[in-house]
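This is what each chain is made of:
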Amino acid sequence: MNLNLLWFVLVAVLYAGFFLLEGFDFGVGMLMPFLGKNDLERRAILSTIGPHWDANEVWLITAGGATFAAFPRWYAALFSGFYPVLLLLLLALIARGAAIEFRSRLPGPRWRGAWDGAIAIGSLVAAGTLGAVFGDLLRGTPIDAAGMYRGDWLSPFNLYSLICAAAAVSLFLLHGANFLGLKLEGELGQRARAAASRLWFAAMMLVIGFLAFTFLQTDVAGRLGVRSLLLPLGMILGILMIGYCLRRKRDGWAFLFGGATVVFYAAAFFLALFPRVMVSSLQTDFSLTIYSAASSDYTLRVMTIVALLFVPVVVLYQAWSYWVFRKRIGTDREEESY
Amino acid sequence: MDVATLSRLQFAITTIYHFFFVPLTVGLVWYVVILEAAYAFGKGEVYKRLAQFWGRLLVINFAVGVVTGIVLEFQFGMNWSPFAAYVGDVFGVPLAIEALLTFFLESTFLGIWIFGWKRLSRGMHAAAIGLVAVGSTLSVFWILTANAFMQHPVGYVIRSGRAELVDILALATNPRALLFFWHTISAGFVTASFFVLGISAWHLARGTDGEAFRISFRLSAMVGILATVMVVIAGDAQSKYVRQVQPMAAAASEGLMNTADPAPFSVVAGFDSSGKKVVWSLDIPAGLSLLYFMQPAGTVEGINQLQAQYTATYGPGDYSPMVALDYWMFRIMVGVGFLMVALTAYALYLGYPKTTARWPRWLQWTPLGILLPYLANTTGWILTENGRQPWIVHGLFKTENAVSPNLVPGMVVASLVLFVSFYTVLLGVDVFLLARSAKMGLPASETETEPGSKSLPKSARKPGDGGKA
Numbered sequence: 001m002n003l004n005l006l007w008f009v010l011v012a013v014l015y016a017g018f019f020l021l022e023g024f025d026f027g028v029g030m031l032m033p034f035l036g037k038n039d040l041e042r043r044a045i046l047s048t049i050g051p052h053w054d055a056n057e058v059w060l061i062t063a064g065g066a067t068f069a070a071f072p073r074w075y076a077a078l079f080s081g082f083y084p085v086l087l088l089l090l091l092a093l094i095a096r097g098a099a100i101e102f103r104s105r106l107p108g109p110r111w112r113g114a115w116d117g118a119i120a121i122g123s124l125v126a127a128g129t130l131g132a133v134f135g136d137l138l139r140g141t142p143i144d145a146a147g148m149y150r151g152d153w154l155s156p157f158n159l160y161s162l163i164c165a166a167a168a169v170s171l172f173l174l175h176g177a178n179f180l181g182l183k184l185e186g187e188l189g190q191r192a193r194a195a196a197s198r199l200w201f202a203a204m205m206l207v208i209g210f211l212a213f214t215f216l217q218t219d220v221a222g223r224l225g226v227r228s229l230l231l232p233l234g235m236i237l238g239i240l241m242i243g244y245c246l247r248r249k250r251d252g253w254a255f256l257f258g259g260a261t262v263v264f265y266a267a268a269f270f271l272a273l274f275p276r277v278m279v280s281s282l283q284t285d286f287s288l289t290i291y292s293a294a295s296s297d298y299t300l301r302v303m304t305i306v307a308l309l310f311v312p313v314v315v316l317y318q319a320w321s322y323w324v325f326r327k328r329i330g331t332d333r334e335e336e337s338y
Numbered sequence: 001m002d003v004a005t006l007s008r009l010q011f012a013i014t015t016i017y018h019f020f021f022v023p024l025t026v027g028l029v030w031y032v033v034i035l036e037a038a039y040a041f042g043k044g045e046v047y048k049r050l051a052q053f054w055g056r057l058l059v060i061n062f063a064v065g066v067v068t069g070i071v072l073e074f075q076f077g078m079n080w081s082p083f084a085a086y087v088g089d090v091f092g093v094p095l096a097i098e099a100l101l102t103f104f105l106e107s108t109f110l111g112i113w114i115f116g117w118k119r120l121s122r123g124m125h126a127a128a129i130g131l132v133a134v135g136s137t138l139s140v141f142w143i144l145t146a147n148a149f150m151q152h153p154v155g156y157v158i159r160s161g162r163a164e165l166v167d168i169l170a171l172a173t174n175p176r177a178l179l180f181f182w183h184t185i186s187a188g189f190v191t192a193s194f195f196v197l198g199i200s201a202w203h204l205a206r207g208t209d210g211e212a213f214r215i216s217f218r219l220s221a222m223v224g225i226l227a228t229v230m231v232v233i234a235g236d237a238q239s240k241y242v243r244q245v246q247p248m249a250a251a252a253s254e255g256l257m258n259t260a261d262p263a264p265f266s267v268v269a270g271f272d273s274s275g276k277k278v279v280w281s282l283d284i285p286a287g288l289s290l291l292y293f294m295q296p297a298g299t300v301e302g303i304n305q306l307q308a309q310y311t312a313t314y315g316p317g318d319y320s321p322m323v324a325l326d327y328w329m330f331r332i333m334v335g336v337g338f339l340m341v342a343l344t345a346y347a348l349y350l351g352y353p354k355t356t357a358r359w360p361r362w363l364q365w366t367p368l369g370i371l372l373p374y375l376a377n378t379t380g381w382i383l384t385e386n387g388r389q390p391w392i393v394h395g396l397f398k399t400e401n402a403v404s405p406n407l408v409p410g411m412v413v414a415s416l417v418l419f420v421s422f423y424t425v426l427l428g429v430d431v432f433l434l435a436r437s438a439k440m441g442l443p444a445s446e447t448e449t450e451p452g453s454k455s456l457p458k459s460a461r462k463p464g465d466g467g468k469a
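Going line by line, the protein sequences match chains A and P.
In case it helps, our numbering puts the first sequence at residues 1 to 338.
In case it helps, our numbering puts the second sequence at residues 1 to 469.
Derived from the structure by calculation, the hints contain no laboratory data.
The beta carbon of each residue, even a glycine, is placed where N, CA and C say it ideally should be.
Not one of these hints is a red herring.
If you want a taste of the chain P side facing chain A, the calculated C-beta under 7 Å gives, among others:
no. : residue
1   : V71
2   : G88
3   : A96
4   : L100
5   : S107
6   : T108
7   : F115
8   : I168
Chain P stretches covered by chain A per the calculated footprint, using a threshold of three residues with CB under 8 Å from any CB of chain A:
no. : stretch
9   : 158-167
10  : 421-432
Label-pair restraints from in silico Cβ distances:
no. : chain 1 : residue 1 : chain 2 : residue 2 : range
11  : A       : Y244      : P       : L120      : 32 to 40 Å
12  : P       : D2        : A       : L162      : 26 to 34 Å
13  : P       : V417      : A       : L5        : 37 to 45 Å
14  : P       : Q244      : A       : D219      : 49 to 57 Å
15  : P       : T5        : A       : L256      : 49 to 57 Å
16  : P       : K118      : A       : L5        : 40 to 48 Å
17  : A       : A221      : P       : A312      : 54 to 62 Å
18  : P       : T173      : A       : R250      : 50 to 58 Å
19  : A       : P109      : P       : G428      : 15 to 23 Å
20  : P       : K43       : A       : S197      : 50 to 58 Å
Excised from the complex, chain A in its bound form (with noise of 0.2 Å):
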């Protein structure tokens, strides 16, 4: 295996753990206002995030600088040329993490109420942001033939990207109404439980919607011929699954298919994208490869040396985080809540 390839895969692990885990935390932010009818109970819903989201975002930044690292031409034109879609995220996340610290620091319902609304809007923004610059992405960007990004700044805005943001949205609200169906206790769980249910169909048809709209819009079909239908069937029969598993009322196999789901999301993108890592729609050979947009050789094998030393690592401890918080939450232990 070659260290482009192996980087390749390592920056798509990246961003499906990301996808996995922050994937819950922003259905989890999304949800929380409509299932949580009161103060102790939004707080419940919060909790199940509390000790994780942080780390979780995490999966972001290293993302983000691993491409720097290892792609650094694929950063720079993705970086640039997605920056009003960026510029959102950046708000969105800023807003979403301040407000998780803060709700609870001070008791007037107005106060919290205004940091809700931020912690609602914040997941959903970042979670469209992030759905619509990976369609983009995997349908063609204007870059020219120095790696550099010559669109304007209205191109990341159109109707493709808003049904990938939704299609994305979508995904991630149920991953996180099956992840509070299986952290929360009691009603709270049983509500989070219904949500997940009729949440189910909505993601379904937008997924579906976003399929056909990826098979029509990019050359997937075309590259990678019949074996590209492995991809939106494996989509689809994750979707399948959790609603199986939610009518025989399984919430942590839901759960696992959900995060199942999650993660094919980001591979079938990663696959589809391969070898290129930025679509040039100006003309095809334009397009940066994971040759063309590497860093040099002794780079990627110093990263790799940090990178097997390492992740197996941040993923034991955090793994080992998620497991000292097993524990299912209720409205009324105040031990552990936000």
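For this one, chain A is given, so just place chain P on it according to the hints.
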């Protein structure tokens, strides 16, 4: 304004703002480690309450540091894509290592620490905050390694039109980075010490939880005097090194227009309207040579001669930064630095049981000192980054060539306005919450309450009566 100026302004504002929070986090987390370790080793309940009290302030501060930090990583690509493509092979490495090694560590274990008071043993819980401290300290190292490469590039070659890493060890042991790290970590301890000192004094003056706050007062006076002296020594070492590798930045910070031996030290100077030329200056003869070489002789290069030299090497252009800005930032930073040495020495004296009671008036004023490190941190930061101009990577790449080609001024104005408004709200709320939390005093001593978990038995606690046992 053009895109380059706007982007510089945006990067400066978002960085300075981020750096309001980082030094306090980096220093304060070690205070919590010391206090909680004392508790874990059986030094009594009051140490736990102190750890919880300072930990709560740490968590409020940490949150804003995190959300503003991610903006910086994104901006390298968003606003400075040619720079990112040019140096990514080198510069991306410490950034990626920082995220993987340190951000995961600090955020995971801070989450465990906040919510884990009842889930972990005393020792494990103290170890969790210890790992947060290690993580945030190492993150300072890696980000400064990246920054130092922009100041003094090492461990690279120029190949196929970009900088490529050839020696990771050279990069990680860049003397510029090590001196930077020493200076910045010390500054973090200074920031936290004045913070702890000020808040402890506020409570001591009111007589709330006197026994506990005397502990943190004396601890911060001791750490504070060490840290302020360390900052001065590290700063001195750093300025000597900058004179060798970035003589233009050194000359600008001293307002030295012409090469001189011995070189005078300028105490006060006036500049022309461009801010690039010294019009008059009050000098101490041979003062600068004395500072750089420990003797009243030695050549220090001046801006005019360096300008001629750089023009010969790099072609026509203006190679000096805004001199007046660096000159004054440097003087404010150094002045505040020495003032802080004096103040911590005085606090050390005040910390003795007999003297504390006699100087309530001084205790009242101590909280104002909390602002001093912020002034020094910010001016120091502006000094460093402005001193590097017109380069984005010293000697390799100019800032004016580093701006993303697809940006239009309107877009950057919009993002600048949005960042500034978000940050203003965030800063206001953060200061308000820190002040409120600081005034509440120690959490109640019953072991059942769980103040570290941010839940603050809020319903039971009104502002004012909070936390007094």
